[in-house]
Amino acid sequence: MTDMVLQIDGKDVTASTGMTVLQAAQQAGINIPTLCHHAQLEDYGGCRLCMVEVETRGRTNYVVSCLYPAEKGLVVRTRSEKVDKIRRVIIEELMAHAPDAPELVKLAQEYGADRNRFEKEASFCVLCGLCVRYCAEVKQKHAVGFIENGPMREISFIPELAAKECWNCQECFAICPTSYAQAAYLLTEALAFPGQRKKQAPAVKPQPHTTFGGIPVIVA
Amino acid sequence: MSENKIDSIIEKYRGKPGALIHALTEIQHANHWLPREVLHKVADALEVPFSQAMQIASFYKTFSLTPKGRHEVHVCTGMTCHLRGAAKLMEKVQELTGLQPGETDAAAKFTLEAGSCLGSCSIGPELIVDGKHYGRMSPEKAEDVLNRYE
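Sequence lines, in order, name chains A and B.
Counting from 1, one number per residue, gives the positions in the first sequence under the working numbering.
Counting from 1001, one number per residue, gives the positions in the second sequence under the working numbering.
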């Protein structure tokens, strides 16, 4: 592990090999907004909110900082007119799907995004993949996955697995930025195995999530 | 479709997660669709999570999660074929098979699909059955062509 120095927002920051620009910034206490990033999960680069301006060898590029490796002498700007504009449009697009998600509302205020800019298509899912990746990488249950493609893409709980695993875990409900994971689970339950969990006593007491972004989360 | 054929395809790829798409493609060609139980079998044998098998099977248009007929009938509705009379051809094929685009008949003989520009504009309007192209189709000729398939 060799250390290198790069510049983020005019500040010299030390990073070690293999770190991403986002990790280097977070380590130095510089805030970059993220949506699909989670410390326990592999970087995904799905939401593009962590877009920053980097300058190497005299060229300016726009890259997602959660995937871009930190390198020696790199000059990073986390806020600029263009970066802000990119983020604003991303937020506006996501708000067409989830207009009241607490994280988005907060970001919209900061970046001056107009929640009504695009026609609403309330799918409530922003396809950040947190639930899917958390279930696969941390829990290794694969009880929820993506299905379909393009505009039809959505998350889908696998009823056979969800019936056994999900009620006693519920961890993805809390990391979902829009509460859609919980809604999708309950819908799957209602369609595929209604009333089953009332018969069986829970084996493990679920983690008590009391509220998440002001929305009460069900605790068994 | 015999279960043995599907099982032998699955056996060929047992323990090879990277071969998921190959296995699904072969089963799709042999069986014309992917029943959920088969996807479970594939996922178990290839040691991939079922959610991944489902993701792949629903992502690509090649795969069908609903039953399809033994013969896939495509009528090109691209611009050139349209100008050369694809609408009349489509009407005739719908009448002969009793199907709307996207549908499969009860005996699982034909699945009708409308496709946009299948790449052979010079021989339009065209009818494609199981990948075999029939060019310069007229409604009368289409009847002869479809009668050849059992």
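It should be emphasised that the hints constitute simulated quantities derived from the structure, not laboratory data.
This one's a predicted model, so the numbers in the text were calculated from it and none came from an experiment.
Any given hint could turn out to be false.
[Unchecked claim] Heads up, simulated EDC-like pairs for lysine to aspartate or glutamate below, C-alpha to C-alpha not over 16 Å straight-line:
(1) 1005(B) - 1047(B)
(2) 1061(B) - 148(A)
(3) 1088(B) - 1143(B)
(4) 82(A) - 110(A)
(5) 82(A) - 55(A)
(6) 1132(B) - 1144(B)
(7) 1068(B) - 1150(B)
(8) 120(A) - 160(A)
(9) 141(A) - 1143(B)
(10) 1109(B) - 1140(B)
(11) 1041(B) - 160(A)
(12) 141(A) - 1047(B)
Hint by hint, here is what the structure shows:
1. 1005(B) - 1047(B): With a Cα-Cα distance of about 20 Å, the restraint between residue 1005(B) and residue 1047(B) is violated, given a limit of 16 Å.
2. 1061(B) - 148(A): holds (9 Å)
3. 1088(B) - 1143(B): holds (13 Å)
4. 82(A) - 110(A): Since the Cα atoms of residue 82(A) and residue 110(A) sit roughly 15 Å apart, the hinted pair holds (cutoff 16 Å).
5. 82(A) - 55(A): The given pair, whose Cα atoms are some 14 Å apart, holds under the 16 Å limit.
6. 1132(B) - 1144(B): Between residue 1132(B) and residue 1144(B) the Cα gap is close to 14 Å, so the pair holds against 16 Å.
7. 1068(B) - 1150(B): This hinted pair holds, its Cα atoms lying about 15 Å apart.
8. 120(A) - 160(A): Cα-Cα ~33 Å, so violated.
9. 141(A) - 1143(B): Roughly 52 Å separates the two Cα atoms, so the pair is violated.
10. 1109(B) - 1140(B): violated (20 Å)
11. 1041(B) - 160(A): Holds: residue 1041(B) and residue 160(A) sit about 14 Å apart, inside 16 Å.
12. 141(A) - 1047(B): holds (13 Å)
The structure is inconsistent with the numbered hints 1, 8, 9 and 10, although it conforms to all the rest.
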